[in-house]
Amino acid sequence: MKRFFVLLALLVIPVTTVSAADAIPVKGNMLRMPYPGGLWASLPDGVTLVVSYPDKGQLVYYDTLAEKEAKRVDLDFQPAYMAVQGDTLFVAGRGSSAVHVLDAKTGKEKKEIILGGDAIANLACHPTKGLLYASTQTLQVFAVDPAAGTATKTGATGNFLVVDPVDAKALFTGVQPPINQDTIYIKDLPDGRIKIYFDDWGVRAFVLKYAVDGKELKLVSSQKNAAVNAWSLAVTPDGKKVLMPSGGGWRPPVEGGTGGGYICAAFSTEKLEARLGEIPTAANITFHPVLNMGVLNHQGRDLQFFNPKSLIVGKTWHVADGADSRALVAFGGKGTKIVFWNGDNPTNPQEGLHFLPLDLTADDRAALTKVYGKLPDPVVIVSPAKPAGPEKTMPEKSATGGLTTTVPAVKPVAAKPEVVPAAKPAVEVATLPKGVIAIAGFNNKKGLNSGKAVDLPYPLGKNGVRGGYGEPGWVDVWPGETLIKYVTDVVGEGDGAVNITGTTNYGRKWTERQTGQFRVEVMARSPKGGDVLCYVMEDSDLTTGPFWGVKNGKFEALDGNGSGQGNWKEFSPCKPDTWYTVKVAVDIEKQTWTAAVDNGKPAGPFKFRYKPTALQRINFLTHGDAKGIYLDAIRILAADGK
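Residues 71 to 712 in the numbering used here are what the sequence shown spells out, letter by letter.
I should point out that these hints are in silico values taken from the structure, not numbers from a laboratory. Treat the hints with care, as some may be off.
Unchecked claim - FRET-style restraints, in silico, Cβ to Cβ:
# : residue 1 : residue 2 : range
1 : GLU182    : GLY443    : 32 to 42 angstroms
2 : ALA281    : THR158    : 23 to 33 angstroms
3 : GLY219    : ALA281    : 38 to 48 angstroms
We put the beta carbon where it would ideally sit given N, CA and C, even for glycine.
Please take these sequences and the hints and turn them into a complete structure.
Here is the structure:
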């Protein structure tokens, strides 16, 4: 029971390493943009951003100079992962082993290349030369020759992929192993395998370096402890450092050691065993295509600059208060701005596709002009906290925070009006009954929170789309991820429910912060082999109070010790494919809670996992190859609410 707890705990900690007091509030133009269900790619012109929408079978092109949508291209497949090489755009079909070769500017398809393996997980290539590489859901890696239209299965292993950005002579692969796998076999390792390491921090991700030899890949280096619960893989533009953004940061090897924390460790690309430094961990990382500039995306709220060569961290921009997304961050406007999508909640005026002008020096602009030609006129970031002052001569700061030569400051240019189309009408739902703090109904036409909808709050039948817009009592909406689907065929009440599979977090914050007694009710249905963990927390995993789950056909509760550990105790059987209502009664002052199923006798009291002084969020976590969970009718109630 204890192993079940410690392996999953750190997966739900939000990445937040930036002090709000140190962040500079910024505001640029913004467009409303729906959740990008696929991925995105920046074209070599430094202007065009392409976003894929699998559910619509479309590519949407954005002009980052004009800061507007340029066109939409309808496709005969569902576009997902993308990579760009010259004037060619490679697009993987969602759930498919096919790579579609498109003209990058027009979106017109040139050819289709079938790998012949499992569904594609990632694509990567050098921006101007070499082969395309594709990984699959089963960690196979294919070398794709676009000119010949062929795909060759290599002996490499990996999920995340990055081609050496300097000369394309190496391929780096990363793997975040599932928690139920102890060993992954790697061709060319001395003993033929990598042992999967895990401890209280979580499962350790690893990185492999392969030398490119024609269509073959030869393993030359490995790092078995690159990160905990990794999200992606990055190589600095000079090709010297490899990094893995992650949810758990970097921790000492399980064999022993010191240091570690919510950091992103940098390793040498020449010898992956050699560590070269660290930066704060983040949801994802992007590098400027011309300048020595990196940006860390802290969950769609803050952008932090750093120097990719020295790893020195510079200033931080605060973009939004309530966003929670790690989807899209890139450079555009011929390298003069950051393009940043952080959510699609129509009730949050800070969520959308942001165009944020960079604080560039004269030398920066000269370097960009050599690559892209004439640049747009300089624009000063609009900061609500610090309005631009009069023109004067001053030491100019680079985007990474260091002082550069003294030059005349650029005269501020009035920012364009914020481009925000009128939001959709708020969802009209019944007001909350007395004693009810928040309800999530997962319905449209019947059941909880239905019947009066102007714009239906749940995208029933769809996955990868956020849900719950307009439901009263909530600060935000449920996240949109590929493995989260709103269903109509397996329903607890009303006409909808949600199904969560794979390693997926599903959380939401309610409006009224609770400091005394209250109750939480959740309808849950587990398929055979399904599982879930439910965290009732203040704002992160480290502030969890009640902590319960479903595992091996049983409802279990953690009787905590206030410091993250405790003993798991069964409190009810959980038959497969059966709806149950889990009822949790919470007493924050006493740091205790009870749990009951349907009308059964409450079990407990159990102690809190940590020691929060308030609770305001519920989070569900499924993992690995388990069959997931169905949820419905989530209610946050006052102690006497019905």
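Hint-by-hint comparison with the structure:
1. At roughly 35 angstroms, the beta-carbon separation of GLU182 and GLY443 lies within the given 32 to 42 angstroms, and the hint holds.
2. Between ALA281 and THR158 the C-beta distance comes to about 24 angstroms, which sits within the given range of 23 to 33 angstroms.
3. Against the hinted window of 38 to 48 angstroms, the Cβ-Cβ separation of GLY219 and ALA281 comes to about 25 angstroms, which falls outside the hint.
Comparing the model with each earlier hint shows a violation of hint 3 alone; every other hint is respected.
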